[in-house]
Structure formats: structure tokens, C-alpha cells
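Undergrad: Following the hints, position chain B against chain A.
Just so you know, the protein sequences line up as chains A and B, in that order.
Here this note's numbering is used: position 154 in the first sequence is 159, and no number is missing along the way.
Here this note's numbering is used: position 22 in the second sequence is 27, and no number is missing along the way.
Treat the hints with caution; some may be incorrect.
Which copy is meant is left open, because identical chains are indistinguishable; a pair holds if it fits in one copy or across any two.
Below, in silico cross-link-like pairs of lysine to aspartate or glutamate (EDC-like), each with a Cα-Cα straight-line distance of 20 angstroms or less [stated by the list, open to error]:
hint: 1; residue 1: K25; residue 2: E338
hint: 2; residue 1: K89; residue 2: E195
hint: 3; residue 1: K121; residue 2: D186
hint: 4; residue 1: K25; residue 2: E235
hint: 5; residue 1: K30; residue 2: D106
hint: 6; residue 1: K116; residue 2: E91
hint: 7; residue 1: K30; residue 2: E232
hint: 8; residue 1: K121; residue 2: E245
hint: 9; residue 1: K30; residue 2: E235
hint: 10; residue 1: K7; residue 2: D106
hint: 11; residue 1: K89; residue 2: E47
hint: 12; residue 1: K89; residue 2: D242
hint: 13; residue 1: K25; residue 2: E232
hint: 14; residue 1: K281; residue 2: D242
hint: 15; residue 1: K121; residue 2: E91
hint: 16; residue 1: K30; residue 2: D186
hint: 17; residue 1: K121; residue 2: E259
hint: 18; residue 1: K125; residue 2: E244
hint: 19; residue 1: K7; residue 2: E101
Calculated from the structure, these hints are not laboratory results.
2 protein chains.
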Amino acid sequence: MKTVQLSHGGGGQEMNHLIKSLFFKYFENDILLRAEDAAVLELNGPVAFTSDSFTVSPLFFAGGNIGKLAIAGTVNDLAMVGAKPEYLSCSFIIEEGFAFDALETIVKSMKAELEKSGAKIVCGDTKVVPRGAADGLFINTTGVGSVMHPNISVNQLQAGDAILVSRDIGCHGSCILMARDELRLESELESDCATLWPVVEQLIASGVQLHAMRDATRGGLSAVLNEWCEASQVQIDIEEQRIPVADAVQGLCELYGFEPYDLANEGTMILAVPAKDAEAALAVLKGFSPNACQIGEVSVANSTDMQTADTKPTTSTNKVIIHNPWGGRHYLELPQGELLPRIC
Amino acid sequence: MKTVQLSHGGGGQEMNHLIKSLFFKYFENDILLRAEDAAVLELNGPVAFTSDSFTVSPLFFAGGNIGKLAIAGTVNDLAMVGAKPEYLSCSFIIEEGFAFDALETIVKSMKAELEKSGAKIVCGDTKVVPRGAADGLFINTTGVGSVMHPNISVNQLQAGDAILVSRDIGCHGSCILMARDELRLESELESDCATLWPVVEQLIASGVQLHAMRDATRGGLSAVLNEWCEASQVQIDIEEQRIPVADAVQGLCELYGFEPYDLANEGTMILAVPAKDAEAALAVLKGFSPNACQIGEVSVANSTDMQTADTKPTTSTNKVIIHNPWGGRHYLELPQGELLPRIC
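Just chain A, same shape as in the assembly (with noise of 0.2 angstroms):
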């Protein structure tokens, strides 16, 4: 089996064949094949940037892998703030004796998925480590690419703005979770790792107004609800009901005693949009998936009735409160402790 050596991160002949007959032959572009120490970009304007170092175990996963993971990420981040992505970075760190067939595999991967919003890779880096220095591959993204709406911030949540989920949640943490459950679960879940950039687009060019959106990753949901809470100063009620979870998902995390809103996402968003534009972006929304929703909305964060004497009203407001069906409610909390290591 042909694997990757030391001298292949050793910077002379063996690194530069290894670039050019994988990384160039399938992140061919123009300015990648400059090969400068720095790619040159044309750029102007506002300018997103982001960065992402993916370590996920194991690599390959039901719905992905390491490569699509990577790309839709960096991708996705960039979205998320209304960018169109257009240039990335991708830089590797190999552990000696990877296998070359493996690798080539998820560079395939990433080149798909770069297709599907149209950034191209312009620049990189190979690093090879000695065996056990690294459990495997990691993989580095960092993308640039033109704000297309302006002020999609944490801080722009505002009272009476909609509540919106793309899709059913949890099913990325999922997936990583049964891969590596010894009881090697069978089931068809599959990672919601996907670009989100097509239907960003379209939500834009539909003309809504967009205050917030965030693909859930780490921390899930709730991760995302309560960021957006204490940066808006707002309070967000969500009803229980309403937020979808696959019976897969719901099941995996009865048996592990997960919350569904804690698990990580790949592909799923929550945006914050003004209610009078809550149905035109469910429109586009509906058109990716079935099941995208409106699961809550955004109260002025002044309301005191679950408070106790003891509690200071300017931070017990910025809080998500999640109703149940019944009439009950709690407050969703930052999810805290380990959940659940490398999930990308």
C-alpha cells in the first residue's frame, strides 16, 4: 500500500510531487498554479474571513468525511455572515504512513464539494508528522470571499424577529457518536454535512431581511440561541414541539442521554429574520428541505416572571426559554462538560 512518508512534508522533490499530483491535479485552478508563496487575490469591498482546523474521528463518517467536512465548514461560516465564499486555504497535517488512496479519497471529496458553491482552493501548506505525532489527518481551512447582505450579526437579533431552523437537528453528532459506539448501531443516518451557500444565496436574492444566521456546529442549538441572547441583549422562546428531530436522532440520544440541542450540526442553520419576512425565507428554506420551521421567536428581554428575588433582571433576561407542550418551560442552557470530542 503506497502511504505517506516523512519526505513528503520535507519541503524538496517528494513534497513537490506529492502537491502536484494530488493537490493540484484536483484543486487545479489558475492562481493555486502559481505556486507563490502567497496567493494573489482581487478583491474589494467587505471581505469575510474565516478559519477552521477539522480533526474529526473517525474520517470517514456516514453522509462524509474529513475533506467534505472541512470545506463545507469553512464554506458555511462564510455563508453564514452573507458572504459568497470564493477563495480558500487548505493545509494538511499528515501522520507518516497515512495511506495515499485514503487521502486521495478526500481530496475527491473536497473538490466535489467546493463545486457546489464555487470556491476554489488557491493556496496551501503539507505538513507530515512521524507516526503517532497525529491520529491520522487534520485538516485546515481558512476562506475569504464578498459580503453580499450586510449586517448578518450575533448582535442584530431583535424583538419580534422569527425563530428559523433549516432542518432536523442533531443528525451530524449523531452519526459521529453510533461510528464509534462499540455496539456499531445500524441505522441510516447520515451527517447533515452539506454547503449551505446555495440556499444563503437564494435567501438573498429573495430579498429578506436577514438579522442573524448560524450553522449550529459545536454546542448545537443551544449553542447558537444563547450566543445570540447575551450578544443582542434579547430574550428567545422556543417551543419544545416545534424543533425538528429525526426519531433516530431523538432515540440515540434517549440511549446516551444527550439533548438533541446539544448535539453538533454540519449542515443546518438558525437564522433570526423579521417576522413580516418569516414566510418568504420558509419558502426558500422549504425548497433545501421539508423540514425547515419556525421554532420560536425573539421577546424584548424584559419580561421578570422567571425570575427569583435574588436575581439581577439585566442577565436573567438574555436567556432561551424553551416551552413544552404542556405548559411547562425551562431555560435552555449553554451546553457545558466534554459532549462529545472530535466531532469535526
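TA: Below, chain B alone, put in the same frame as chain A:
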């Protein structure tokens, strides 16, 4: 001892705390503190974009650490295409159990190194992997910056260009080699790890024309010169006795059988400038290092006197020829084989 735990990479409360108490504390700037999925930058015109992952071992070495190296390395890649380093992303992959103090020391070094170019870290990512899944700490830094001098490129070398080096070569590679050597050689040798933007900024301000610049990292001087010959279709003639090599580096090379030309540098650049500008460029370089000097020149790619009968002239002339003080000469080849792993 306080250490990094898996929960610090989970996307919940602990990760937020790590980011705010460490990364935001030292890298503080308006854009970073916005904490959006992507930073939004105002960029106009040609922009350079470059990425590197750092896996150096040991993490701390004479003259620097992985943090200083990560900032200098990415800033230098921008500077090498004539771009002012402006915005960096920074992604950490941390092994569970990594000492918090060591991480803080590294982050402080990054802050100090950023100040040398004025670049800012505006976005980032934190992953924590279980014990054994990574060796301590890996850092990816990706940078963007406005191009201030056009057309600096591997393919812009022209016959007659002077080849300059900014200081003595091979210090970083030697220093890492020494740090790993079980004999623990005693030496005052330090890595050349440094930010090159201040010298590049002065070169640009001085009005000299810059055809090509490269920091001679992995593969050293040999790799840079060979890549230039191939990309620009020229021959480069180097005089061996003019190449500055510190005694300690020379001694270590003799001990281990390395060539100083193949050793990595992390703050040493090679330049190709028109002969008319060589003196002015050297004057600027000498302001930063007294060892800066001209080591050779670019010839037209048509000399045939080193060819054997079965060598095609079109390939054999795009070579680096090194002349020794006794009239001998040989090709300086692109390094091959394992060289020294994890030097950056």
C-alpha cells in the same frame, strides 16, 4: 497544574471561557471581539492570501517557540509577495492535558511577534483532541494583506539579476536539530525565526525593484533557488564562498552530514533584484543584518558547457550552479529524502 481539557474544545461554556480569558485577552482587537462566524474586513485591490500549519518539535527552541514561528511564518509569506501583513486567522489543535501556562507563554509570544508587523488576529478556532491524538500543540495561521509592490514572483527572475541573502543561513534547522539531539550540544546558536516585514517595508520604500523574494524555509536555499530556476526558466550561478554560514551551523552540518543550503530558515530571505538595484537593496538589508550579501546572479538559460550528450538543453539549463573557490562547480539540487521532520 492547570491543563487544557477536552471540554475546552466542546463549543460550550468551557471553550467560551478559554477563548475569552486567553485568546481574546492577548489578541484583543475590535474585529476579533465581535466573535462572528467570520470576521468582516475592508479590503481593496490586490490582496495576498497564505496559510501554514505549524507542527514544530520541540515547541520551545532557542530563539523562539511555535507561536512566534507561526506568526512570523505567515507574516513572512505575505511579505514575500510584497504584501503588508494585515489580518491573520489562528487555529489551535491542542492535545488534552497540555499545560495552560505553556499555552499562555506561546500566546504571549504570538502577541509580541504580531506587534513587529502590526498584523492582527481577527478570527480563529480551537480544537482539543484526546491524549495521544496530537503531539502537544499544532497551530495554523492564515493571513491576508494588501500588495504594496506588484509582480514579485517566482517567475519574474531575469538574466543579470543579483541574488542576495538577508543574513547567514541554516540557523533554524540547526537549532531544531540541536534541540533534538540526545547529546545536548552546548551552543549559543539561535533560530533566525523573525518577522521580515520591517525589512521588506524598507526595501519597498527605498524604491528598489524586487523581482522575487522568498523566505528559505523547508528545503532551505536549495529549494528556493531551484524553484526559481524552474519557474523563471533561468540559470542561477552561486559562489560558494560568498554564502554566509555561521561556524556553529557549519560544524553541525559536518557532524551530521547535512548541507547548510538544505537547512530550514525562518527569518532569512533570498532576493532577486536587477543588478542596478543590488547595492541599494544590500544597504537596506545590512541595516538589519551585517551578514547580508550578494551570493550570485541569474544567467541566461542557454549555457551548455555542463551538459552531457544525452541531456536535453531545455531542462538542463534551468539549474542552480554552485562555484567553489577552487574553480570547481556542481549543480545545487532540490533537496530530497527525509531531511529533518517537524522543523516548522
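Undergrad: Give a verdict on every hint.
TA: We went through each hint and held it up to the structure:
no.: 1; hint: K25 <-> E338; in the structure: between (48 angstroms within a copy, 19 angstroms between copies)
no.: 2; hint: K89 <-> E195; in the structure: neither (27 angstroms within a copy, 44 angstroms between copies)
no.: 3; hint: K121 <-> D186; in the structure: neither (31 angstroms within a copy, 49 angstroms between copies)
no.: 4; hint: K25 <-> E235; in the structure: between (47 angstroms within a copy, 14 angstroms between copies)
no.: 5; hint: K30 <-> D106; in the structure: within (14 angstroms within a copy, 43 angstroms between copies)
no.: 6; hint: K116 <-> E91; in the structure: within (14 angstroms within a copy, 29 angstroms between copies)
no.: 7; hint: K30 <-> E232; in the structure: between (41 angstroms within a copy, 19 angstroms between copies)
no.: 8; hint: K121 <-> E245; in the structure: neither (33 angstroms within a copy, 52 angstroms between copies)
no.: 9; hint: K30 <-> E235; in the structure: between (45 angstroms within a copy, 19 angstroms between copies)
no.: 10; hint: K7 <-> D106; in the structure: within (7 angstroms within a copy, 41 angstroms between copies)
no.: 11; hint: K89 <-> E47; in the structure: both (14 angstroms within a copy, 15 angstroms between copies)
no.: 12; hint: K89 <-> D242; in the structure: neither (31 angstroms within a copy, 46 angstroms between copies)
no.: 13; hint: K25 <-> E232; in the structure: between (43 angstroms within a copy, 13 angstroms between copies)
no.: 14; hint: K281 <-> D242; in the structure: within (18 angstroms within a copy, 71 angstroms between copies)
no.: 15; hint: K121 <-> E91; in the structure: within (12 angstroms within a copy, 30 angstroms between copies)
no.: 16; hint: K30 <-> D186; in the structure: neither (36 angstroms within a copy, 38 angstroms between copies)
no.: 17; hint: K121 <-> E259; in the structure: neither (35 angstroms within a copy, 53 angstroms between copies)
no.: 18; hint: K125 <-> E244; in the structure: neither (40 angstroms within a copy, 41 angstroms between copies)
no.: 19; hint: K7 <-> E101; in the structure: within (11 angstroms within a copy, 31 angstroms between copies)
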